[in-house]
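Here the structure of chain C is known, so what remains is to put chain U in place on it, guided by the hints.
Protein chains: 2
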Amino acid sequence: MVAKLERRMAETSVVPADHHVAVSGRVTEVDLRYTQNGTPVLLVGLAGEDGRPYYLQVKALRGRAEYWADRLSKGTPVLAEAVLSQYKGQDGRTYTSLLAKRLELVDPQAVGESAPDARGNTREVPGLNLFVGRGVAVRVESRTPTLAVVRARFVTGGRRDERGYAPAAFVDVKGFDEVARELARVKEGQPFFVQGRLRVDTWEGKEGKRYELRVEALFVKPLLRESGGVLEEGKGDLEEFPPEDDLPF
Amino acid sequence: MVAKLERRMAETSVVPADHHVAVSGRVTEVDLRYTQNGTPVLLVGLAGEDGRPYYLQVKALRGRAEYWADRLSKGTPVLAEAVLSQYKGQDGRTYTSLLAKRLELVDPQAVGESAPDARGNTREVPGLNLFVGRGVAVRVESRTPTLAVVRARFVTGGRRDERGYAPAAFVDVKGFDEVARELARVKEGQPFFVQGRLRVDTWEGKEGKRYELRVEALFVKPLLRESGGVLEEGKGDLEEFPPEDDLPF
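Protein chains in written order, with numbering that gives the first Met the number 0: chain C, 0 to 248; chain U, 0 to 248.
Chain C extracted, bound-state conformation:
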């Protein structure tokens, strides 16, 4: 009994994600699937405009998947708060998606709508498309004076593996114009803070059409390597919240 409880406690010591995604849009598709183990997975397509059109997909799991499968249909305006999630497809490639931590229905009266696109879907206008987080640069490429791309590692949250590594996603962060100059200054191994929006880039690969989720940076803030995050890691949320009367300032 004690051993079981201790095991459950160890399991609940998860690492929080170091980034936050908030995206809204009108639903373009709702697709409920089940994994081999019977886990329900809901895929929800969202379309919106943040100046330019964007199309994104968010994923919901388990009870949340089945709950929302019944409530969403084409055109429903939805807001999702999510984190990055990375997995290996059956083709051996790594795919990045958005795992919804929370889904909400947007008030339809407060939302504008684009004309239908080629597939008959309308986009939410204006849509919310926000990525905020702290990544570590693993590769820095200054492609042109007005385009820099930093491959970055973000902690997606969850249990550490046996070697103590937190679950992570590797994502390209792109910056244009002035942001490109900021981004190009980041060194490999250096942590940086980024605020931006999400895009799915598409291109023709050798084996057909490819898709990849990327961050378009709008604001970048390079951080010092010895930034002292160490002390923060592994601390539970619990001790953050002293009784109110113990905090007179």
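It should be emphasised that the hints constitute simulated quantities derived from the structure, not laboratory data. There's no promise every hint is true.
Since the list gives no way to pick out one identical chain from another, each pair is judged satisfied if it fits inside one copy or across any two copies.
Quick list of in silico lysine-lysine cross-link-like pairs, DSBU-like style, CA-CA up to 35 Å [stated by the list, open to error]: (1) Lys186 <-> Lys73; (2) Lys73 <-> Lys173; (3) Lys208 <-> Lys173.
None of these values were measured; they are calculated from a predicted model.
Relative to the frame of chain C, chain U by itself:
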């Protein structure tokens, strides 16, 4: 032993915050205090510009407070990720502040600096000043056609009280111009999503100068009341993260 472990597990079932703050700036003051119970509390003043100058204060607790007290000094560029925190002062008034969940040192080479202000402090240019979250409107005031103010309740995270209520902060969300029109449409009791920036408003009260932390909304998205957040609440983070090989899509 079992009872003790069970108690610890119950204590760790905390509610997450429904908002996120990321602010950067140059340090204007570092003030380490101790509560009557001996809890270290560090108050850090930050100054930056997000188009206009802003001055904010973030608070760090316990080990984090003492760790950062030694490392910060006037002028250090810092980035804080934080949540709202509300407490009752000795004067009986309610005060809102920012509780840092994480502090990081910004690379000084990547940061611009304003000319010194009247107190000799310089501001970080450009500074990051981001508030993102989901509140519930408790009072809606459309003051003029170009100014609306919504008093909103945000969950600050932590343990529920005996009656099951999550710890919360009540904060004014202000919107100007077009955002005022969006904000004025929110009904009392309605949840809404807001992206904006933080300001400390100051004014002369009957008993002297008053300060209050407020959110200036830049983007507002009203949500449906029956938005289905219920299913999300109380779910641990643990079940969000299935083994990777159980997620083929």
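Going down the list of hints, with the structure as the test:
Taking identical chains as interchangeable, the C-alpha atoms of Lys186 and Lys73 lie at most 35 Å apart only when they sit on different chains, with a minimum of 26 Å there against 44 Å within one chain. In the homo-oligomer, the alpha carbons of Lys73 and Lys173 lie at most 35 Å apart both inside one protomer (31 Å) and across protomers (33 Å), since each shortest distance falls under that limit. With identical chains, the CA atoms of Lys208 and Lys173 are at most 35 Å apart within one copy only, with a shortest distance of 21 Å there and 45 Å across copies.
Violated hints for the displayed structure: none, as all numbered hints are satisfied.
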